[in-house]
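S.K.: Protein chains in written order, with this note's numbering: chain A, 1 to 337; chain B, 1 to 337; chain C, 1 to 337.
Treat the hints as calculated values from the structure; they're not laboratory data.
No residue lacks a Cβ here, since even glycine has one placed at the ideal position from N, Cα and C.
Do not take every clue at face value.
[As the list claims (entries may be wrong)] One side only, chain B facing chain C, incomplete, derived with CB under 8 Å: (1) His239; (2) Val284; (3) Glu331.
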Amino acid sequence: MRAAPGDGGRSARPGSRLLLGATAALVVLLGSIASIAQVEGPPPQACDKPTRSLSLFAEQLGPKRFGYGLTPSTASIPGPTLEMLEGECLAVTLVNETDRRLSMHAHGVDYTVASDGTPMNHGCVAPGHARTYVFAAHAPTTRPDGSLEPGSAGYWHYHDHCMGGSHGTEGIRSGLFGAFIVRRPGDPVPDVPTFVVTMGPGMTIDLLKAPDTPVFEAAQGQRVEFEVIGYGDLFHTFHLHGHRWVDDRTGLPSGPDDPTPVIDNRTVGPADSFGFQVIAGEGVGPGAWMYHCHVQGHADAGMSGIFLVTTPNGQVTPAAAAALRRWRESEPHDHRM
Amino acid sequence: MRAAPGDGGRSARPGSRLLLGATAALVVLLGSIASIAQVEGPPPQACDKPTRSLSLFAEQLGPKRFGYGLTPSTASIPGPTLEMLEGECLAVTLVNETDRRLSMHAHGVDYTVASDGTPMNHGCVAPGHARTYVFAAHAPTTRPDGSLEPGSAGYWHYHDHCMGGSHGTEGIRSGLFGAFIVRRPGDPVPDVPTFVVTMGPGMTIDLLKAPDTPVFEAAQGQRVEFEVIGYGDLFHTFHLHGHRWVDDRTGLPSGPDDPTPVIDNRTVGPADSFGFQVIAGEGVGPGAWMYHCHVQGHADAGMSGIFLVTTPNGQVTPAAAAALRRWRESEPHDHRM
Amino acid sequence: MRAAPGDGGRSARPGSRLLLGATAALVVLLGSIASIAQVEGPPPQACDKPTRSLSLFAEQLGPKRFGYGLTPSTASIPGPTLEMLEGECLAVTLVNETDRRLSMHAHGVDYTVASDGTPMNHGCVAPGHARTYVFAAHAPTTRPDGSLEPGSAGYWHYHDHCMGGSHGTEGIRSGLFGAFIVRRPGDPVPDVPTFVVTMGPGMTIDLLKAPDTPVFEAAQGQRVEFEVIGYGDLFHTFHLHGHRWVDDRTGLPSGPDDPTPVIDNRTVGPADSFGFQVIAGEGVGPGAWMYHCHVQGHADAGMSGIFLVTTPNGQVTPAAAAALRRWRESEPHDHRM
C-alpha cells in the first residue's frame, strides 16, 4: 500500500507514472483512502471530524482533457457539483488516476493549509496517489467581541491548483473544475439538478462551443438553479434570455422592497462565481431561451447555449423545437445577411 | 399592404431591399402597424393587452451607422430611452427602414419567445417590414408557494440581435441600442432627461470619441440620472468626477445605515447596465466634471465626456467654461509634458 | 517664496525644473504651504475650514518610478494610506519634488473643481511647486426633500491625473497612487495597518511581481483589513485563500440574515476599489495563505503574494515558513511537472 505523500509534486517524476486500469486503480485507491488519516498531520482545525465523505476521481478524458468524477470512469467537465449544508464537515478524497500531478482547491469553504491544494502548501497529489481534503461549512456566528462572522453559504467552486505550475493553469485549461454549493438550512432547493455554466477557459462554455454546449431543460413552473463560474484568462458576461435574478447570495429577493439590483447580465471574471434560482418560463412561457456570453466576439465564437422550457407537462413546443433546430444550424457563427 | 413575416431574416435577400423615403415609409408603417395584431400568433403570455404602444424606426445614418428613432428620420445613437412603469404592458412596433435584417431584443422586461428578437426565435424584421414586440413590466409578486418574484424595475436596455449574425454583433457595432428604464411607482424621477452613456462598442462613448462625446448639462441642485451600458468586445470602467452613488437598483441609499457600497467607479462589461441619480454639484459646486472610462488606454483614446454643472440659475461659471475649452482642446490625447 | 500657480502644467516647461535636495525642498515647501490659502480662490464649497492637514511629497524613485510620501524622501509605491472619518475636512498639500507635472485626484470624497486634480480644471502641480487640495467626508444626510444623501465612507483611493496626458496614465503607470479610506464613526478598525493590494498597472501587484510582492503578516485572531485597487489597462480578479468577506461597504455582514453574497474572489477593473476586514486564520488556522490574481496568465506572470498568519503569539509555524520558501522559489512561474 502506498501512502499519500505530503507533497506529491516534489517527489513525482515522469518516471513514476503509473498506468492504472480501472480495477487496479480502485484497489490502490481503497488502500490510499484507508491510509489518509494516518498520513496527514493533526486534524484540520476547520472541523474536527468529517460528517460526510466522498471520493473524487481525476481522470484523463482525452488529449489535453481531464475531469473529476464521483466514481471511477465517470469523470466529466465540469466535474460533479458538490453540495454542503452550513454546519457540515466534508472529507473529499481525491484519487489521481492520471499521470500528472494535480489537486483540488476549494473556494468559499473553510480549510486548513493542509487542504489548500496548492504546491506551496504541499497540497498536490502525485500520479497514482490519493489524498483527503477536509472542508467545513459554518453558519453565521457571533464572535466573542460581538461582531459577526458571515456563514459559508454560497455558489462556490473547486479546481486544480497544481497542474502546469503554481496556479493550476494547465489543469483548469484542461477541465479540472466544478461547482461547489453551500446551502443555508432553509434555502430553497431546485426541482432539477443545478445547471452549471463555466465560462472559459478561452471562449468556451464547459470547454465546449455551440452547438455542443449544454441544453438545459425544465418544465414551465419548475424551480431551476444556475451556477455560473469563470475560468481562464478572459472576462465574460453571462446573459440569460427571458429570465432575471436578484444580484445577491441566492438570486432571490429578501423582500418586496429589496433594493438589490435585478439583473439578467453579469460580468464574470476568472474564478468569479454566482448562482440564482428562477421559475422556468415564469411570466414568459415555454420556449428555447438562449443563454450566452454577451461579449459579442465570444458569443459569435460559440459561447451560447439553450435553456429549453417545456410545457408544464414536459412537452417541447413546436416553436421551441424549431428554434432549437435553427440555433444548432446557425451556431457557432451565423453571418448570413 | 405587406405583412410582417414571422422570420424576416430567412426570406430576406439583398434583392428585396426597399429604399423608402420618409413619406413612403410612414405609409407602409401605418399599414404594418395596423396588421400586426393579426399576423402574430396568440397573445404573448407576458401580458394580454398592451396598455401603451409606440413605434421604433430603424434607419441607416451613414456608412456602418444605424439608429432607432421614435419617428421617421429622427433615429439616433443611442436610440431613444424607453421607459415603463411596473404594471405596464408596452407594444413596440419596430419599423425597419433599412436594407438590412434587424430586430429589437430587450433586457429585463418580460416577453414571450415571439418578442425575443433573435433569429432562432424568428424575431428578426426584414428590410421594409415591421413587427410588434410586446413587453411587460411587473411589480414584485408573492408566488403561490410564498416565495417572491422580483419586480421588473431596473436600468435595462435594448439592442439589435439579428444584424450580421445570431447575436446582432454588426447591429450593435453600428449603433442599434438604447436605454430601457423600468421604474417602480414611487421611484424618484430626474429633473432632466436621463444621461445615457454607452461604453463601447470599441473605445467609444455612444460610438463617439472625445471631444465629440456628450456634454451633459444640469443646474446645481437638480436631480439628474445616469444610465451606463456596455457593448461590444471590451470591458470598461465608468468613473464620474465629484459625484458618487450607491451600488444598488436606484443608486440611492435605502436608509442611513445601508451597508451597500457607495462608489464612483464601476466595471461595465458588454450588456451590463446600471443607473443612478445624483444631485448635480451636491456638496461640490458647479463646474465641468469629467466622466470617463478609467481603463487608461481607453480614456486616452477618447472615452471621456463632461458633466457640466451650472449655477443654480443655469449659468456656466467662467471656470467651467475654461475647463470645457481645455478639455475640448486636449482630447482625445494630451501628451504634453 | 514661490507661489503655487493655478495651473502648474501650462506654465511649466522642462527648463523650469528644480532639482531640490531634501532640505531645500522642505524650506520651499513650508513656504508654499503657508502661501496656499492666499493663492487659491474662494474656499472650496466641499468644506469651509480644514479640520486636519498633511503634506504629500511626490518624488522620483527610479527610472519610470514615482511615489508619494508623507515626509520628504519617504515616498513609496503605493503611496501612504490616507484615512478620514466622515465629518472631517482634510487639506492635503502636494509638494512636487520631481521634474514632471503631476497631481492628486481623489476618489469618493467631496471636492470642488479646484481640488479635482485634472489638467482641465487647472489641478496640476508644476515641478518644484506645491498645491493644496481640500477634501471633505460627510455623513449620510437627509436632504430638504426628504431623500438621503449617502455618506462618504468607503475604500477609496487617490492617484495622479496629470503626468503623460489628461488622464495621468504615465503617473499611474509609474506608481503615483495610494489608498484613501473613509470610515464611519463606529466602524471597526484593524489591529494592524491596512494591507493595500494594487492590481496593475500591467500584470503587477504594487508594481511588483512575485516573489517581490508584499507578504502581509498578522497573528491568528487579529482583525486585519485589505484594500484592493485596480489600475492600468487590464482587468484582474482578486482571490484570497482561506478567507472570505461580504461584498458590501465594509466586508462585514450587517446581520445573520444579510443576503449579500459572501465572496473570496472579485473582478477588479481599473480604478475599482473595495476593502474588507477578516480575522486572520479564523476557522482555518495559521499558515501561508496565497492571495493572487485569478486570471491564470496574470498569476503565472507574478501576480501573487502571501498573507502570512502566525500563531496567536506571533510565531511563524514551520509549515508556513516552508510554504513561504517554496512560494519564493517557484514564483513567478513554476512549470515543473
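S.K.: Now tell me if each hint is right for this structure.
M.R.: So, going through the hints one by one against the coordinates:
1. His239: Holds - the Cβ of His239/B comes within 8 Å of chain C, reaching about 6 Å at its closest.
2. Val284: holds, 5 Å
3. Glu331: This interface hint holds because 7 Å falls under the 8 Å limit.
Violated hints: none; the structure is consistent with every hint.
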